[in-house]
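Enquirer: Sequence:
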Amino acid sequence: MNNTNQLTPIMLITGSSRGIGNYLVNYYLDKGFFVVGCSRNECDIKHENYNHIIADLSNEEEILNVFKIIRKEYKRLDILINNAAINPAILNVTFLPYKTIQNIYAVNVFAPIMFCREAVKLMMRNKFGRIINLGSMATRHEVPGEALYTSTKASMNAFTRVLSKEVASYGITVNIVAPSVIDTELAKAINQIALQEVLDRNAIKKYGDLVDVSNTIDYLIKEESKAVTGQIIYLGGV
Numbered sequence: 001m002n003n004t005n006q007l008t009p010i011m012l013i014t015g016s017s018r019g020i021g022n023y024l025v026n027y028y029l030d031k032g033f034f035v036v037g038c039s040r041n042e043c044d045i046k047h048e049n050y051n052h053i054i055a056d057l058s059n060e061e062e063i064l065n066v067f068k069i070i071r072k073e074y075k076r077l078d079i080l081i082n083n084a085a086i087n088p089a090i091l092n093v094t095f096l097p098y099k100t101i102q103n104i105y106a107v108n109v110f111a112p113i114m115f116c117r118e119a120v121k122l123m124m125r126n127k128f129g130r131i132i133n134l135g136s137m138a139t140r141h142e143v144p145g146e147a148l149y150t151s152t153k154a155s156m157n158a159f160t161r162v163l164s165k166e167v168a169s170y171g172i173t174v175n176i177v178a179p180s181v182i183d184t185e186l187a188k189a190i191n192q193i194a195l196q197e198v199l200d201r202n203a204i205k206k207y208g209d210l211v212d213v214s215n216t217i218d219y220l221i222k223e224e225s226k227a228v229t230g231q232i233i234y235l236g237g238v
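full-length UniProt numbering numbers the first residue of the sequence shown as 1 and each following residue consecutively.
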């Protein structure tokens, strides 16, 4: 049984076993949050306020099970961070198998939409919620070789803007934080020429820091940020 109370934020982070998601879990546990994480793999984080759920994010039933656990254990959800994403290391659209297209849209688009759908149901009850979707600089830079990945992130840009209007009357904000290139496993899997091209097009032409992401999210999840919604915040400058 979790010793939750109405004053302690309940946060859900997808893709929590590595990279930015893993960092954010540790960061918000240190700040005293109750954190639920989910990913396809086990997570190395052991903490009394952390609940890790193994889930295939391309499977709707497994996503629904995540929320079944949240409703049972915590009764509410205050913050959702849609972090999980995949990016196939394929340069040219002519080499994209249909299965690859299906898989990346399942994880990068369909899954975060379903997480938003279920999170909003919980947040509406308390007339408060904060949804952060992790975006990408690729949507502004349009780097050759990243057409498929960029299209998934552009889809989430549009979804976020419209959803923010649909849920605003319930005290729920929805925003995107789009980091610059950060040295994570996902970045290492990306074509390095394309990655360098993204950096070269930024105003700040160097790798971003994980703390840049958490600093921005810190503001967006505050109660005082209630007027900020439907925004895409690019870290690194475009």
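Honestly, the hints are just simulated from the structure, not real lab data.
Take the hints with a grain of salt, since some may be wrong.
Claimed, not checked - Below, a list of computed lysine to any residue pairs in the SDA-like style, where the Cα atoms sit at most 25 Å apart:
#, residue 1, residue 2
1, K206, N157
2, K75, N59
3, K165, V228
Enquirer: None of the hints should be skipped; say for each whether it holds.
Expert: Results of checking the hints against the structure:
no., hint, in the structure
1, K206 with N157, "holds, 24 Å"
2, K75 with N59, "holds, 23 Å"
3, K165 with V228, "holds, 11 Å"
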